[in-house]
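Spelled out from the first residue to the last, the chains are:
There are 2 protein chains.
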Amino acid sequence: MINIREVAKMAGVSPATVSRVINGTARVSAEKRARVLQAITATDFVPNEVARSLYRKSAKLIGLIIPSIKNPYFTQVASIIEHMATEHGYRVFLCDVGDDIEKEEIALQTLVAMNADGVIIASTNEAIQDYAAMCQIPVVAIDSLFATKRIDAYVYCDYYAGGRMAAEHLIECGCKNIVCIKGPQRIFSAKARYEGYRDVCREHGLREQTVTCDYDFKAGLAMTEQLLETFPGVDGIIACNDVVAISTYKILHRKHISVPDQIQLIGFDDIEWASLISPELTTITQPIQRMATKAMELIIDNEKTTEKGVEIVFPVTLTVRETTKKKGSCK
Amino acid sequence: MINIREVAKMAGVSPATVSRVINGTARVSAEKRARVLQAITATDFVPNEVARSLYRKSAKLIGLIIPSIKNPYFTQVASIIEHMATEHGYRVFLCDVGDDIEKEEIALQTLVAMNADGVIIASTNEAIQDYAAMCQIPVVAIDSLFATKRIDAYVYCDYYAGGRMAAEHLIECGCKNIVCIKGPQRIFSAKARYEGYRDVCREHGLREQTVTCDYDFKAGLAMTEQLLETFPGVDGIIACNDVVAISTYKILHRKHISVPDQIQLIGFDDIEWASLISPELTTITQPIQRMATKAMELIIDNEKTTEKGVEIVFPVTLTVRETTKKKGSCK
DNA sequence: TCATAGTTTGAAACGGGTTTCAAGTTGATA
DNA sequence: TATCAACTTGAAACCCGTTTCAAACTATGA
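So the protein lines, in turn, are chains B and X. For what it's worth, our numbering labels the leading residue of the first sequence as 1, then goes sequentially. For what it's worth, our numbering labels the leading residue of the second sequence as 1, then goes sequentially.
Among the clues, some could well be false.
The list treats identical chains as one, so a pair stands whether inside a single copy or across any two.
What the hints assert, rightly or not - Straight-line alpha carbon distances no greater than 27 Å define the calculated DSS-like cross-link-like pairs of lysine-lysine that follow:
hint, residue 1, residue 2
1, Lys-103, Lys-70
2, Lys-255, Lys-326
3, Lys-294, Lys-70
4, Lys-294, Lys-308
5, Lys-176, Lys-326
6, Lys-176, Lys-60
7, Lys-149, Lys-255
8, Lys-103, Lys-60
9, Lys-294, Lys-103
10, Lys-255, Lys-325
11, Lys-70, Lys-60
By construction, these hints were calculated from the structure, which means they are not laboratory data.
Using the sequences and the accompanying hints, generate a full structural model.
Here is the structure:
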């Protein structure tokens, strides 16, 4: 691979001058500039990014740590962050770490060792904070809030309100027998959503009926089967997220239970697939675009935000589609 | 950030000795080793990955260039590659470039400048070859084959056979009036799939009926609407991939056309969503796992493969699910 | 006890782009 | 024409982990 010294030799100047031409960091005489430019074109020289970031101590790199690249929620987040980063001259390094706290920790260390300028973490592991607090670069959590706030910022939405909205909507749609498929309660969003549902039940004097299920398709299938056995009279289901809602629908469809006529169904997140599948899913919409954008802004503008534990909360909205309907109203 | 020289000072040894302890590249006396290890623990020292890869000229990094991170086909590929890479001590840098040849070229340049050890490209742009041929690192194309073979290797499957299988299956299921939603014909896989369909039509004396559509959800919706107007008697649809098949189903469902009773539907790829949605999609299965694994092997074992333009072709299989059924047979 | 082979160790060079600093130029003003 | 400011330029230091090379040291055999 050709290096800057060879380009300099070819142009008859010093490496410093070539660097100045490339980066526009100082004035260079027109004549030398032309010679340098010509040598660069002739050799297809591209500066070695590694040497650059070694000196600059910035790789123009933002790390994004997610539990699974196969989860459409996270790929939507990743896509937005990727596009924003490109606009601002950054690159994104995506780390798919599963639920493995150790992998998460290694990813964070690696990102620091790669001179990343900041990290966005979509994690459910509170322990990650220990490592995040140690590293010198800005770290923003998306979609979670931990009891002890040691990360620079937390971007999430009002999950509790979402849980309430979901329950209230099903009640408005005439459901008398609502079951909530709770997510794992160690996860902040799952807990808040459940609490929203629980409080609405109490206020309306409805019995609280729940099963617990991982945020994942397979678990959703199994839990729906179980739910139908445990609560045979169910007429409304709140799934802990859209992926689980889709698997719930799958079981209902297989059992020839009509949605929304016999059982109404609502999810959370409003991932793109929610409106792509048939029937389209009624869900609680998270402003994914705004959340991801905010998380990126916090990283990029980090010079300004000096305080720790900043919380940015976004509102959620109800998006009614085809898996719920007001009783008596025609489609 | 602490560096190796400070650790060395603390342990009372030279940086060279610290490096030797960390990497196990030479013998170090037990006493000094212990002092070094202790200093590393005390300071939480993690070697700067950038300085390392500058010297080594390898970042233990594999680039993966894909058109969209939101397309589940590519995230499945990415997931497999990510896991294989981790096993082999590599990291994966994912570049989402859209259909933008310029972005693709920049991604490739950046990867080279980042000292990547190899690149896997899932591209439909033949022009990328010019850049791929120039860079000094192994480049493997997945899912495509270009007329002029200038990339190190091409990993793809027998799309033509897939096209034939799809058409033959619909014929066996009693379809008389099959429409093929062709993908963009500049794309190798789309062209081969169409040709398979075309040849089967000719052999069976069926009329060849097609519309053309991008490999993308929105395009699929529009094209299905158009298809139904142009070919009102259609009883079987071959979609150019699963994503388009899912959008086709969406339109049929919306128009209360029963699948598979009135129209049978088959896709290509067998992405995970094909079996998650309801009804489950009949499709032509690509061995995604095997393809991605092979592509990675070609990169990792590159010392051995010296020749250019290696072609690795995998077979496809028919996976019958719920959107097709043999006429007369009961479910 | 001396010579030789083998081991341990650190100084210095290396990778490649960037930046500082001082020297060399040019041009304008007195 | 002499002087000083402003600009252009390259040598060298820098970022930091790795590796080479030669020096210093240990141990073995004669």
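We went through each hint and held it up to the structure:
For the homomeric pair Lys-103 and Lys-70, the shortest alpha-carbon distances inside one copy (17 Å) and between copies (24 Å) are both at most 27 Å. For a Cα distance limit of 27 Å, the shortest separation of Lys-255 from Lys-326 qualifies both inside one copy, at 23 Å, and across copies, at 22 Å. When the C-alpha separation of Lys-294 and Lys-70 is checked against a cutoff of 27 Å, the pair qualifies both within a copy, at 23 Å, and between copies, at 20 Å. Proximity of Lys-294 and Lys-308 under a CA criterion of 27 Å is satisfied intra-copy only: 16 Å inside one chain copy versus 46 Å between copies.
Proximity of Lys-176 and Lys-326 under a CA criterion of 27 Å is satisfied intra-copy only: 13 Å inside one chain copy versus 42 Å between copies. In this assembly of identical chains, the alpha carbons of Lys-176 and Lys-60 never lie at most 27 Å apart, being 54 Å within a copy and 57 Å across copies at closest. With identical chains, the CA atoms of Lys-149 and Lys-255 are never at most 27 Å apart, being 45 Å at best within one copy and 51 Å at best between copies. In the homo-oligomer, the alpha carbons of Lys-103 and Lys-60 lie at most 27 Å apart both inside one protomer (23 Å) and across protomers (17 Å), since each shortest distance falls under that limit.
Proximity of Lys-294 to Lys-103 under the C-alpha cut-off of 27 Å is found in both arrangements, the shortest distances being 26 Å within a copy and 25 Å between copies. When the C-alpha separation of Lys-255 and Lys-325 is checked against a cutoff of 27 Å, the pair qualifies both within a copy, at 20 Å, and between copies, at 19 Å. Taking the shortest Cα distances, Lys-70 and Lys-60 sit within 27 Å of each other both inside one copy (26 Å) and across copies (24 Å).
Going down the numbered hints, you'll see the structure goes against 6, 7, while the others check out.
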